[in-house]
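Novice: Kindly produce the complete structure, drawing on both the sequences and the hints.
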Amino acid sequence: MYDEVRVDCDLEELIPTFLTNRKQDIENIKRAFHKHDWEQLTFIGHGLKGTAYSYQFEHMGNLGKRIEFAAKETNAQEIQRCITELDRHMNALNIIYEEVE
Amino acid sequence: MKRWNKMNRVLFVDDKEELLALIDKKLKDEEYEKVFATSAQEALKILDEQEIDVLITDMLMPDVSGMQLLQVVNEKQPNLVKIVLSGHAQVPVIIKAINEGKIYKYISKPWRINEESKQLIRDALKHAKALKAACSCINEQGLMISFETVETLIGQFASQFAIVEANKMVRFSEKLTQCCDMTQLMENPNNYFVNHGYQYIALNPQVSLYYL
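Going down the list, the sequences are from chains A and B.
48 is the number that my numbering gives to position 48 of the first sequence; each next residue is one higher, with no gaps.
If you want my numbering, it's the 1-based position in the second sequence plus 1000.
Quick caveat, the hints were computed from the structure, so don't treat them as lab data.
Backbone N, C-alpha and C define an ideal beta-carbon position, used for all residues, glycine too.
Incorrect hints may appear among the rest.
Interface residues of chain A toward chain B, partial, derived using beta-carbon atoms under 7 Å [as the list claims (entries may be wrong)]:
#, residue
1, 7
2, 10
3, 53
Think about it this way: if two alpha-carbon atoms lie no more than 30 Å apart in a straight line, the pair counts; the simulated DSS-like pairs of lysine-lysine are [said to hold, decoys possible]:
#, chain 1, residue 1, chain 2, residue 2
4, A, 72, B, 1096
5, B, 1096, A, 35
6, B, 1028, B, 1118
7, A, 65, B, 1118
8, A, 65, A, 30
Specialist: So this is what it looks like as structure tokens:
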């Protein structure tokens, strides 16, 4: 089962770097979560939200938003759920490039 | 000495290189030079070295925030046209800055670069030209040199424009008479222009320039 994401074809050559950086974000989230570093989790979640939405990765952006809010409320269970979902989503991504406008 | 040429320049400031790369791609066909900075410090250096027409900055950045950058820029280059990019959490601060007349427009994040936002930047560049023209019409005592000079300068980039003194029409372009309800306009020029989306520049406390 794939998670289909439709992306502007103008951005195609930027996507490999985008994905590498998101994998790094996930590693950083896991590290911060292990240390219960809520401030760092808020910061990474906020960045993930902004970057993913800008690149049209809506579900990933929503997960970043959830992490940002959960970290503000020190909600460990919600962050664990988001990490699990991020891992699944990254492995299931099927990117379709299309013309926009 | 600042580097200068006739091509318009827009400076984008965001600490995330990925977002600057995305902006570069999406605006590749726009006819202005795009300059990028990943920090407020880098942006200030560029502003010292190059002639920049429009500054577009993120607000949340490490070390020096977008708001701090704007404060420095407002002192050093008060007539630079500034646009801020920000999420909803910063809205109260941004509204205050807009109401103080220091920010031209606010773009809500995440920024989806579409035709509307491309037009917004083109309008900002037009506004930057209008401001430069207006500034060149005002002498050291804050007075206009002549209405004719203003008309000549503004006419180079806007077909519809008017000069209003104490809410009375003083001069206006022919195109304006073709596009506006002149009866309604003459009754209350300031209200008319504000309600119809014209851009505004105060030439002096009594005299305003409106253009579209």
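Novice: Sort out which numbered hints this structure fails and list those numbers smallest first.
Specialist: Of the numbered hints given earlier, those the structure breaks are 1 and 5, listed in rising order.
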